[in-house]
Amino acid sequence: MLKEEKIMEKGETKFTFNDFARCEQPNWCPGCGDFAILASIKKALVELEVAPHQAVLVSGVGCFAKLPYWARTYGFVGLHGRGLPVAQGIKMANPQLKVIAFGGDGDGYGEGGNHFLHACRRNVNIAYFVHNNGVFGLTTGQYSPTSPKGTKSKSSPEGSIEVPINPLALALAEGATFVARAYSGHLKELIELMKQAIEHPGFAFIDILMPCVSFGRDLKYYNDKTYYLEKPFTDRGKAVDKALECEKEESYALGVFYRE
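If you want our numbering, it's the position in the sequence shown, counting the first as 1, plus 199.
Source of the hints: derived by calculation from the structure; they are not laboratory data. Treat the hints with care, as some may be off.
[Unchecked claim] Label-pair distances were calculated between CB atoms; the ranges are:
| no. | residue 1 | residue 2 | range |
| --- | --- | --- | --- |
| 1 | E357 | N217 | 46 to 52 Å |
| 2 | V362 | A220 | 40 to 46 Å |
| 3 | R320 | K213 | 46 to 52 Å |
| 4 | Y268 | K447 | 35 to 41 Å |
| 5 | S413 | G436 | 35 to 41 Å |
| 6 | T215 | E446 | 37 to 43 Å |
| 7 | A220 | L443 | 16 to 22 Å |
| 8 | C222 | E459 | 38 to 44 Å |
| 9 | M291 | L247 | 20 to 26 Å |
| 10 | M291 | G349 | 40 to 46 Å |
| 11 | P400 | H252 | 18 to 24 Å |
Every residue gets a Cβ at the ideal spot worked out from N, C-alpha and C, and that includes glycine.
Whenever a hint applies, use it, and build me the whole structure from the sequences.
Listed below in structure tokens is the structure:
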């Protein structure tokens, strides 16, 4: 019997941060936003009183993708861009589990972009958190679907020619019932958004802005360009307008854009 099952047998439901910790240490670059996201999901599960054996963390391929290795829950690491279909299958097979999928801007919006659109449409009761640093970090710095037009990288030495996608506008247009944006540098707010997403009855999506200290933007860039929405929009169309407005202003509104 697992330790947490023995605790629950005794009528206790409280778990600590250490109950979700593993002895292995992450090998991310010092200063990477992935550390904050890993800490935040553990803290969110503790505050929601979710037992380690009641949660499943699912990922694809990328720097972020080892996150399930470093959290003491059930986990599954899938193929590049294929975390979402695995997560949906787990939830349908065992609806009692809290299923949280993780993606990256390359993994989730590039290779897995098709799965992202259809997950929004299906509204399966899972949470999806995307580590968005605007670059393919694991393969050492190629431009990604969210890189600004003109980004110079190993795969675009003269500057990328594509306009970046707008993940929030896409999710809203496809019918997602919880759409939010967070920033890895603001842990308190990130934890609160994660809790809301995990508890949401339907597909809950958070685009998490984060630095790539080796190949991308730094903390100062996001500190200077982020601000918080006063409250979620109740009209889906107005939420889309706000997502597109942020793109034009080259600023990033944080918080819940839309929730049903």
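Going down the list of hints, with the structure as the test:
no., hint, in the structure
1, E357 / N217: 46 to 52 Å, "holds (50 Å)"
2, V362 / A220: 40 to 46 Å, "holds (41 Å)"
3, R320 / K213: 46 to 52 Å, "violated (38 Å)"
4, Y268 / K447: 35 to 41 Å, "holds (39 Å)"
5, S413 / G436: 35 to 41 Å, "holds (39 Å)"
6, T215 / E446: 37 to 43 Å, "holds (41 Å)"
7, A220 / L443: 16 to 22 Å, "violated (41 Å)"
8, C222 / E459: 38 to 44 Å, "holds (41 Å)"
9, M291 / L247: 20 to 26 Å, "holds (22 Å)"
10, M291 / G349: 40 to 46 Å, "holds (42 Å)"
11, P400 / H252: 18 to 24 Å, "holds (22 Å)"
Of the numbered hints stated above, those contradicted by the structure are hints 3, 7, listed in ascending order.
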